[in-house]
Amino acid sequence: MADLAHASVAELGRLLEAGQVSALELADLFLGRIEAQRDLNAFLDVRPEVTRAQARAADARRAAGERGALLGVPLAHKDIFVTKDWASTAASRMLEGYMSPFDAAVVENLAQAGMVCLGKLNCDEFAMGSSNENSAYGNVLNPWDKDAVPGGSSGGSSAAVAARIAPVATATDTGGSIREPAAFTGITGTKPTYGRPSRWGMIAFASSLDTAGLMTQTAEDCALVFNAMLGYDARDSTSVYRPREDYTRGLNAPLQGLRIGVPKEFFGAGLAPDVEKAVREALKDYEKLGARLVDISLPNAELGIPVYYVVAPAECSSNLSRFDGVRYGHRAKDYTDLIDMMKKSRAEGLGAEPKRRILIGAYVLSHGYYDAYYLKAQKVRRIIADEFQQAFKQCDVIAGPVTTSVAFGFGEKAADPLAMYLADLYTVPGSLAGIPSMSIPCGFGARGRPVGLQLMANYFEEAKMLGVAHQYQLATDWHRRVPGGA
Amino acid sequence: MAWEVVIGLETHAQLSTVSKIFSGASTAFGAAPNTQASAVDLALPGVLPVLNRGAVERAIRFGLAVGATIAPRSIFARKNYFYPDLPKGYQISQYELPVVQGGSLSFMVQPAQGGAYEKTVQLTRAHLEEDAGKSLHEDFEGQSGIDLNRAGTPLLEIVTEPDLRSAEEAVAYAKTLHSLVRWIGICDGNMQEGSFRCDANVSVRPMGSDKLGTRCEIKNLNSFRFMEQAINYEVRRQIALVEDGGKVVQETRLYDPDRDETRAMRSKEDAMDYRYFPDPDLLPLEISTDWIDEIRADVDSNGLPWKVASEYVSRYEMAPSVASELTGTREKSLFFEKACIRNTDTDFPIALMSDLVFVRRVANWVVGEVSRKLNEDGGEQWPFWISSQTLGRLVLREHEGIIATKTAKELFNEFWDADRATGSCRPPDEVDAVIEKRGLKQISDTGEIEKIVDQVLAANAAQIADYKAGKDKAFNSLVGQVMKATKGKANPAQVNALLKRKLG
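Chains as they are written, first to last, in this note's numbering: chain A, 1 to 486; chain B, 1 to 504.
Any given hint could turn out to be false.
As the list claims (entries may be wrong) - Quick partial rundown of chain A residues pointing at chain B, CB under 10 Å, derived from the structure: (1) E96; (2) Y98; (3) P101; (4) G201; (5) Y232; (6) R235; (7) S317; (8) S366; (9) T476; (10) D477.
Because the hints were derived from the structure by calculation, they are not lab data. From a predicted model like this one, the values you see are computed outputs, not experimental measurements. Beta carbons are placed, not taken as given, at the ideal position from N, Cα and C, and that holds for glycine.
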């Protein structure tokens, strides 16, 4: 059954349609693979009976005549999306065992399309981190090299798709939390335009940046699943009112004449040679496929990190205030009064990284510092977004590295938060601007660890960007490579 | 030294929307704890706020009524602080850019000494925000209860400039505002349930000084009487303090009506840093001029209480106090108008519309008997258990002298209580049917009354002598005896006239 396990969403859909496999068989196949690769620690909650019930329901829908490219295809959700049938913890002690009374919009949409949920995926606590070392429930291993981090915060999602224990996984990206782990694990990770996916049911980290997206094997799979996942949602005031669209419509657009902008700031001193080499190779491949490279500049992109580490902690310091032990979640056992109860519950329930960011956030929002930090950061954010608009006058998409290096080892950066924050150097500018961007595998670097190529497009041009990725994947097979043991 | 009192008021008016400001949960008062708290109100992981259009509509309505600027773009911010009954750990409010900016309110002030005068207060702003829940510390031994039914209820916080110069002015302003918010239908004004509550910022300064003194904020004044008492106490306290060489410390104080004093709650040093920032879950609130125009047309068509009141005064020569009470709510003023001015009942004499005495008689009934019954029932938001036409008919029969005032009042009370019990108001014709059936008509036949007057005079020689000796009481006693002999059905005016003539 290895072939079936390595099949893409598109292929699984066709097999289901042809009656060559049932949703229940697929569910059992992947539940078995999850069990067999438990050492990855990719999953936080697996409930086979619920998964099988969903699979049977999908088979029944198909038997009743329903058609659908995703009907019966398994997937797994990052534990940032709340689910009725699996615990929703955001990988925090604070929410250990928390059962949501409702499903996130993304979860709802994909269930509607008939996708079968395999369970909930590990991540950095409240999606804060770049290595998945901040999970309260332990590290996730990189399937390519178990000494390496799988990236973060969507490390469970990246590891699961890379190890082929889930054909597709949802993920969230606030400053690079989809693209960086996708790059580190050699898969396709896509963040759509901010406001395109609904945030309803996503446990908030930084509301003005949080974007739901996908970890897939291929750009084509991403387009297929986006078709069901993305749409306007009145429950999210930042959801953009636009009709649903077919994200597969640009897949076959030829690359002839396509202008790919290459920002010089993304190839500075901090970039590791192995990553640069693979990325430059990929850019050459694009030229061979008919695209034209255009030198562009994003002069203030380097300010992305300081801006991000003001805006995101500010929002997080407020978003995480609701976790006070009063209504749900962890409550301290011993306390003297109400306020003491809240303090102790938070002290015990929240991990070191959320606490660090809450402190930074509270500081930059405090009286007398607001203008110097938060307000200024928002102004620079606007400048960075404007620079992308200038750039897109000269090119159709932007390409560059996703990360400065290949996946690093456990503990390498954990002691130095600043070094860890710099892992997001190339992903944060796109997040601040809110544009769609993705990572596709483009080779291997030091110690055989994967390298990702970042593609960015203008607002709501996901279909174009996915097409640019798909054409590359038609010509290369990096996305078909699987780690040993998968 | 002479001291000048400086007061600014902040009023929280709970907006009368059916659902909360950012969730679909009901805003109804009095439900079992936590039965009206949705996932959004509980701040469960993953929930998001969606602004209630009705709350914005009400804020605009208020802004137009006070002549304020409606901001085409305003911002919701998060006010961050921890409290067990604040589920998100922040309150969504408007901070730097409120929806209503400026405006003013004019009203009459009647001080204890001196004549009435008109006062105009400038408004700083009015902004939308959500209410918190309630912590119940008393009901549980060693524990606290949290009720989140109120969490997320829409509030309009209306802030004045420090323009008020006495407790009387503050109360007159608050009463005018109270009547305005009910008139324009944005708030039920129920002070017991906390739908309308005021905080007063009070300071004193030497008369003639243009520098503001240090202020204290008195929180949660939920009745006009307490407001007056609390401000007066606070003014006395501050003057005594300063005259003793002390300094007023900026702080928040609570009024204790049992002891008639204010007590320090927290000082400025304890004041929290709320770390305001724009709420990233909500887009800027953008209001189109079309929408404003639509609401303006509606506000204009209903008039405004002070305009309607001054129309009553000039057109019907009504006492200003009666006119202002009649315009306390739109319901009351419409009821009054339908009962006399706009009564379209076919057998209602049109001529009466220009009978100012009749119009004023109806007005007195509405501010007197009708208001009394409403208050008995629980307040002005309760239903009228008499139709305007039925009241109009009843007052008409009294006005015509067909029934005595006392009879009219008895019938009114009887109708009100019975109709409240059955839940439907009787039609106006029943007034005449009951008068007929029970024989309640006054004796207006002069001959018949004269006969009785003669009998009474014949039997009371002593009283006649007293009256002639200048004792007015004796006259009243004679009137009373005539009334008694007619079982109260004689027209008192006729009795008076006859007695005077015969004794004259």
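Output the numbers, in ascending order, of every earlier hint that fails for this structure. Result: hints 1, 5, 9, 10 break, sorted rising.
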